[in-house]
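> Construct all of the structure, not just a fragment, from the sequences and the given hints.
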Amino acid sequence: MSTTTRETSIESVRDLPMVRITREFDAPPERVFDAHVDVEKVRRWLGPRNLTMTVQRWDAETGGGYRYTHTDADGEYRFYGSFHEVRPSERIVQTFTFEGFPDGVCLETLTLTALDGGRTRLVGTSLFESFEARDAMLASGMEVGVNEGYEQLDELLTAG
Amino acid sequence: MEDRLSRVFAALADPLRRDMVARLATDDATVNELAEPYDVSLQAVSKHIKVLEDAGLVRRSRQAQRRPVHLEAEVFDLMTAWIERYRRQVEQRYQRLDELLADEAPGSTGTSEGAAS
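Protein sequences, first through last, are from chains A and B. Under the UniProt record's numbering, the final residue of the first sequence carries the number 160; numbering is consecutive throughout. Under the UniProt record's numbering, the final residue of the second sequence carries the number 117; numbering is consecutive throughout.
In silico DMTMM-like cross-links for lysine to aspartate or glutamate, where the CA-CA straight-line distance does not exceed 25 Å:
| # | chain 1 | residue 1 | chain 2 | residue 2 |
| --- | --- | --- | --- | --- |
| 1 | B | K50 | B | D28 |
| 2 | A | K41 | B | D98 |
| 3 | B | K50 | B | E74 |
| 4 | A | K41 | B | E99 |
Think of the hints as simulated: they come from the structure by calculation, not from any bench.
Structural data, given as structure tokens:
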């Protein structure tokens, strides 16, 4: 049995409107970092497979910025933000805004820590402006559930 | 049954009430605690809780004066499933990053599409 956890863990922090994600990778911090700043690499993993990611701007450096669009059969989803700090192999701090909700801005901090065996632990925190904004994001699956998936609720109500 | 389903959907149609359900998935909370993050009156928050209670999504403890609001166990499971769905999206994204990292690993025989220079 392995003692390392590869699976993503997600934690909704109790006293701050924050979500914390922890994940480990079988590659050293330099390469995990590179996959976050080299736009050709980012394009290969960031968006879901059924979406096309087009990048309008990508300056992954301290004081830089980005803007990209995800496109699927239903339409376009645009995102943009600033790179507040890009510290090689250690830390990336950026803002994040979904244009569909232009008043919302999220502060994201990514920290990379070297582990034994050339591995890396990634800890990403997203700080929202309010608990409401945080939970709206977490509950986006709930909206899907409300809009299309009656099954779980059916089961719940039948059981009750 | 039909009525209860409508009440559940109506209760969850409101973003503030969805938010409260999400927070109650972490822990029980009093009305005061639930009201804290919002710029709305306690009375308004109480009304929202009443809607959730009538829909059978939450229940209020009768025992103590504190009367915390408690998420019904089945709803808690549902909430956990929703957060799990989000977690899976993130996990899928990171599995694609795993593939990319494996592809371009030094000495890898993977197909790098010539991207790793």
